[in-house]
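Student: Residues per chain, in single letters:
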Amino acid sequence: MKVLLFGIAKDIVGSSQLQFSEVVPKTVLELKQLISKTYPKFGELSSLAVAVNSEYAKDDVPLNRNDEIAIIPPVSGG
Amino acid sequence: MKVLLFGIAKDIVGSSQLQFSEVVPKTVLELKQLISKTYPKFGELSSLAVAVNSEYAKDDVPLNRNDEIAIIPPVSGG
Amino acid sequence: MVDKKIIEIVDVIDTSKVFAKLSDSQSGGICVFVGAVREFTKNEKVMSLEFEAYEQMALREMDKIAINAIEKWQLNSLIIQHAVGFKKVEDPVVVVGASSAHRDACFEACRYLIDTLKETVPIWKKEVFENKTVWVSAHP
Amino acid sequence: MVDKKIIEIVDVIDTSKVFAKLSDSQSGGICVFVGAVREFTKNEKVMSLEFEAYEQMALREMDKIAINAIEKWQLNSLIIQHAVGFKKVEDPVVVVGASSAHRDACFEACRYLIDTLKETVPIWKKEVFENKTVWVSAHP
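Top line first, the protein sequences correspond to chains Y, G, F and R.
Following this note's numbering, the numbering of the first sequence begins with 3 at its first residue and continues without gaps.
Following this note's numbering, the numbering of the second sequence begins with 3 at its first residue and continues without gaps.
Following this note's numbering, the numbering of the third sequence begins with -9 at its first residue and continues without gaps.
Following this note's numbering, the numbering of the fourth sequence begins with -9 at its first residue and continues without gaps.
Please note that the accuracy of each hint is not assured.
What the hints assert, rightly or not - Pairs of lysine-lysine residues, derived as DSS-like cross-links and limited to a Cα-Cα distance of at most 30 Å, are as follows:
| no. | chain 1 | residue 1 | chain 2 | residue 2 |
| --- | --- | --- | --- | --- |
| 1 | F | K108 | F | K(-6) |
| 2 | R | K(-5) | R | K11 |
| 3 | F | K32 | R | K32 |
| 4 | G | K34 | G | K4 |
| 5 | F | K(-5) | R | K35 |
| 6 | G | K60 | G | K43 |
| 7 | Y | K12 | R | K62 |
| 8 | R | K(-6) | R | K35 |
| 9 | F | K108 | R | K(-6) |
| 10 | F | K7 | R | K(-5) |
| 11 | F | K7 | R | K116 |
| 12 | R | K7 | F | K(-6) |
| 13 | G | K28 | G | K43 |
| 14 | F | K7 | G | K43 |
| 15 | G | K39 | F | K11 |
| 16 | R | K108 | Y | K12 |
| 17 | Y | K39 | Y | K60 |
| 18 | R | K108 | Y | K43 |
Everything labelled a hint here was simulated from the structure, so no lab data went into it.
Isolated chain Y (complex conformation) (with noise of 0.2 Å):
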């Protein structure tokens, strides 16, 4: 499962996408939840969004393989 990272996530991880092979979320929550565990940076921001196919998505939404799954850190556009 891969994951786009934008803005501050991308610095925070080092790379502009995550790749979960082994252990991969199954919702928007646990998808939170992992990437705060790892990169405990995550906790430190204003918010944490979380865009399903170029939406956003609740925690509860699941998530698929073929998703497009994006991290979406405090917009500041504008």
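Starting from the known structure of chain Y, arrange chains G, F and R on it as the hints suggest.
Tutor: Same frame as chain Y, now just chains G, F and R:
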């Protein structure tokens, strides 16, 4: 005494200025009364203001021969 | 504060330069309103509009509005331009705009500029329809 | 309704064309907001800003905002443009604008467009100072 006319005031009088030589209004109020008497159509307007030296002038403002006096019908810029 | 102020009555408004004129290093926000000629007024087709200004007084009134707005909202740059003469459908007839550090100020100022201009600046608009002409707002 | 909609993520914003793009025969008012790079943030001198977008999703979110605004305010034309990449002081980074029959609608819509864009569109801004870089709003 010369009075500048704009917009509908110009159309009512049929000229871009009025000249008072015999009966000369001494205040803004007198000017308003005089033109409304001579041209009753001024009485039909939504409002009628007078400017003296490019400033809106209240009814009690005195008029002098050398002032630049103008009739200001309802404005509609923008 | 940069305090750049443009107050003009012109024959033709050029909207392409407005943002360049209001841009400065201290402003994070620029808000501009353009008023233009609409094709229909109360379902009647407008052929053209004619604007007439008491120019000297109009510039003074525009300047008063500008000074008030710059002070109230701490604006960096400001523009008020009004066109005179015959204007056809889609032509811009008025431009008001302001730049400020943050966006609240320029939005509020821009709204104040156009609202107050319409109330106090001695400029008159005649609507030319197919069979008649009407001085706007002249009658109740 | 004319219903012309421009939604774009671009490398460089050209503010000179904005009013021409939003002009149409049904609109008496056009309101546009431009966000630009300010020289100072909390008294610190900004060298440049870097904008990054999750482009596909950002365009979708911008489109949602546009559709909501067009419906709510009966807009005729609408533009939302955001720049990406490095921007220097005074460069425009975002343009939102709307045209409508009367001015209330375009002012309110324009404000909604920029406020909502800043809340929901996945675009990120990094401030580059002389000695550090900061992802804006990332931390409480």
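Student: Each hint needs a verdict: does it hold in this structure or not?
Tutor: Quick rundown of the hints versus the structure:
no.	hint	result
1	F:K108 / F:K(-6)	holds, 22 Å
2	R:K(-5) / R:K11	holds, 9 Å
3	F:K32 / R:K32	violated, 50 Å
4	G:K34 / G:K4	holds, 14 Å
5	F:K(-5) / R:K35	holds, 25 Å
6	G:K60 / G:K43	holds, 21 Å
7	Y:K12 / R:K62	violated, 37 Å
8	R:K(-6) / R:K35	violated, 39 Å
9	F:K108 / R:K(-6)	holds, 28 Å
10	F:K7 / R:K(-5)	holds, 22 Å
11	F:K7 / R:K116	holds, 29 Å
12	R:K7 / F:K(-6)	holds, 23 Å
13	G:K28 / G:K43	holds, 22 Å
14	F:K7 / G:K43	violated, 43 Å
15	G:K39 / F:K11	violated, 49 Å
16	R:K108 / Y:K12	holds, 20 Å
17	Y:K39 / Y:K60	holds, 19 Å
18	R:K108 / Y:K43	holds, 23 Å
Violation of the numbered hints given earlier is confined to hints 3, 7, 8, 14 and 15; the remaining hints are satisfied by the structure.
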